[in-house]
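A.B. asks: Listed here are the chains, written in short residue letters.
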Amino acid sequence: MKILIADDSKAMRMIVVRTLRQAGFSGHDVIEAVDGRDALTKYQSEAPDLVLSDWNMPEMTGIELLRALRASGSQVPFCFVTSEGSPEMRETAAAAGALGLIAKPFTAEAFADALEPVVSA
Amino acid sequence: VNPFAGLAAVRTELGATLVDVVSAVLVQEAAPTEEPLGPGTAAVARLGIHDTVTHVRVGVEVRLGLGLARVLAGEMMALASPQDEDVVDAVAELGNIAAGATKALLCQDARLSLPSAALTDEPFEISEPGVQQVRAVVLGHVVQLSVAPTEFDGLLWPPAVPNEALGGLR
Chain A
1 MKILIADDSK AMRMIVVRTL RQAGFSGHDV IEAVDGRDAL TKYQSEAPDL
51 VLSDWNMPEM TGIELLRALR ASGSQVPFCF VTSEGSPEMR ETAAAAGALG
101 LIAKPFTAEA FADALEPVVS A
Chain B
1 VNPFAGLAAV RTELGATLVD VVSAVLVQEA APTEEPLGPG TAAVARLGIH
51 DTVTHVRVGV EVRLGLGLAR VLAGEMMALA SPQDEDVVDA VAELGNIAAG
101 ATKALLCQDA RLSLPSAALT DEPFEISEPG VQQVRAVVLG HVVQLSVAPT
151 EFDGLLWPPA VPNEALGGLR
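So the protein sequences, as listed, match chains A and B. Take the first sequence: its position 7, counted from the start at 1, is 7 in the working numbering, and no numbers get skipped. Take the second sequence: its position 72, counted from the start at 1, is 72 in the working numbering, and no numbers get skipped.
Simulated from the structure, these hints should not be mistaken for laboratory data. Think of the CB as a built atom: it goes at the ideal place given N, C-alpha and C, for glycine as much as any other residue. The reader is advised that the hints may include incorrect statements.
Said to hold, decoys possible - Going by beta-carbon spacing under 7 Å, a handful of chain B positions derived as facing chain A: (1) Val25; (2) Gln28; (3) Met76; (4) Ala90; (5) Ala104; (6) Leu112; (7) Pro158.
What the hints assert, rightly or not - Chain B is faced by these chain A residues, among others (derived, beta-carbon under 8 Å): (8) Asn56; (9) Ile102; (10) Lys104; (11) Pro105.
As the list claims (entries may be wrong) - Calculated lysine to any residue pairs in the SDA-like style (CA-CA distance at most 20 Å, straight line): (12) A:Lys10 x B:Glu85; (13) A:Lys10 x B:Ala118; (14) A:Lys10 x B:Leu156; (15) A:Lys2 x A:Lys42; (16) A:Lys10 x B:Val71; (17) A:Lys10 x B:Val27; (18) A:Lys10 x B:Leu105; (19) A:Lys42 x A:Glu59.
Next comes chain B alone, as it looks inside the complex (with noise of 0.2 Å):
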């Protein structure tokens, strides 16, 4: 069975997903919302989720625009000016909370891979069928969680090192 079938059936536990890692990771009231997302540069992670079951993969995406991304990365690394590459950093590592917190909710044999992230002024654009989306307000910006069943380009999974070949790491 796939386990991402059942998406839009948790709709309401993604929204609520979504304002509690906001929350806990700005350490700022959140709340869900359903205003799209500003105009202009914004910052996005993206992950994917794979099933080892039945090997059905979906793609995670958390994005915000760029002023409360720098917010989260003041935050995040007690920074009065966090550079880009600052925030970079801060949005991949909110895209891991928020798409380990997806994973938990999804599916259990499964593993995440490792989290792209970057400024783009590019739009959300993922035309198929299926995709989820919920956002949560905080600060008075809008940080909007996707869920695709597609899997995103160039990520990057964590490496399967077998037990025996690290032995020779003594």
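Chain A extracted, bound-state conformation (with noise of 0.2 Å):
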């Protein structure tokens, strides 16, 4: 399984791959993207089978890369981790297509129960 990792922090890519492990999903390819643009980019070359992304990005933001995927016709999984989890975001997350939201700082079982329906272990 390929997954596309979106966010302008190294160190949060770095963690959100760690905590795929811990949370009991390894062995997948990871790609990651430094923005929103990049994983649109990443998205068309690469064909990933879920992406998790950040909300706030520079060049393109998470929810308008999410929208852009749909509008393109994709119903790729897309999960965002990010640090604003207010119920205002999971709505607009939700009614874009995203599958939910992960709020940081997170937990190896916060990403298990948000991703299980979705990635192999």
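If you follow the hints, you should be able to join the two separate chains into one complex; please do so.
C.D. replies: Next up, the structure:
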């Protein structure tokens, strides 16, 4: 399985990779993107099976990335990993077609709960 | 109504938020403290919160000593000897998480800027009244969170790309 991780923080991308492993999701190919636009480009070239994306990023935000993917017809499972987890943002994410929203700081259990439906261990 | 007018009233919650964030990110026990930050080089992350209803903006700063910042970067990035750029990246993310939690505490209809982080020998200096500061101690070192009724210079805000423009990116 290919997993695309979009975050403008290298530290957070590394934490997400590590947390995936801790949640029991090992052995997957990981592709990293530094912002939403980079993620969109890499989505088109790599065709990942899952996108994990920050919300606030330069160039293109996570919600704009999701809307662009859905507008292009992609139904790839998409989950936000973001520092803001207000009910309004969760509603916005769900309305745009996100699988869920994992708020930072997070735990491996939060990853397991959110991603179990789409990621194989 | 200015959502930040009651900043002083939520100081206790702000302190608890800082303790929670620091504890979770560093995977260490943290506690509130009134101890000041020690002297020396500090790692600083600054962000802004923009209330989209009133258009009032506040600044959020997270500040910690360089030694603790290196421990933070080592923990976050699983590095034995993080370089300065790793420290800045890690502190930016700590600031991002703390500011996101602060935003959730203060208002709902708001935007968060991107973090701006650096290593500095300059002390904290905001002369405007109304600045709220809380501190947490972790591993014997202090982390300081300041929320100020001011907008920091040079912050970048996430772009607002109209939905109709996104079709061209297919």
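A.B. asks: Now look at each hint and say whether the structure bears it out.
C.D. replies: We went through each hint and held it up to the structure:
1. Val25: holds (5 Å)
2. Gln28: Cβ of glutamine 28 of chain B sits 12 Å from chain A, so the hint is violated.
3. Met76: holds (4 Å)
4. Ala90: holds (4 Å)
5. Ala104: holds (5 Å)
6. Leu112: For leucine 112 of chain B, the interface hint holds, since the closest Cβ of chain A sits about 6 Å away, which is under 7 Å.
7. Pro158: holds (5 Å)
8. Asn56: With a closest approach of 5 Å, the asparagine 56 of chain A hint holds.
9. Ile102: Violated: closest Cβ of chain B sits about 12 Å from isoleucine 102 of chain A, beyond 8 Å.
10. Lys104: holds (5 Å)
11. Pro105: Since chain B brings a Cβ to about 3 Å from proline 105 of chain A, closer than 8 Å, the hint holds.
12. A:Lys10 x B:Glu85: The hint holds at about 10 Å.
13. A:Lys10 x B:Ala118: Judged against 20 Å, a Cα distance of about 15 Å means the pair holds.
14. A:Lys10 x B:Leu156: holds (18 Å)
15. A:Lys2 x A:Lys42: Given pair lysine 2 of chain A, lysine 42 of chain A holds - Cα atoms ~11 Å apart, limit 20 Å.
16. A:Lys10 x B:Val71: holds (16 Å)
17. A:Lys10 x B:Val27: holds (19 Å)
18. A:Lys10 x B:Leu105: Given pair lysine 10 of chain A, leucine 105 of chain B is violated - Cα atoms ~27 Å apart, limit 20 Å.
19. A:Lys42 x A:Glu59: holds (14 Å)
Consistency with the previously given hints fails for numbers 2, 9, 18, ordered from lowest to highest.
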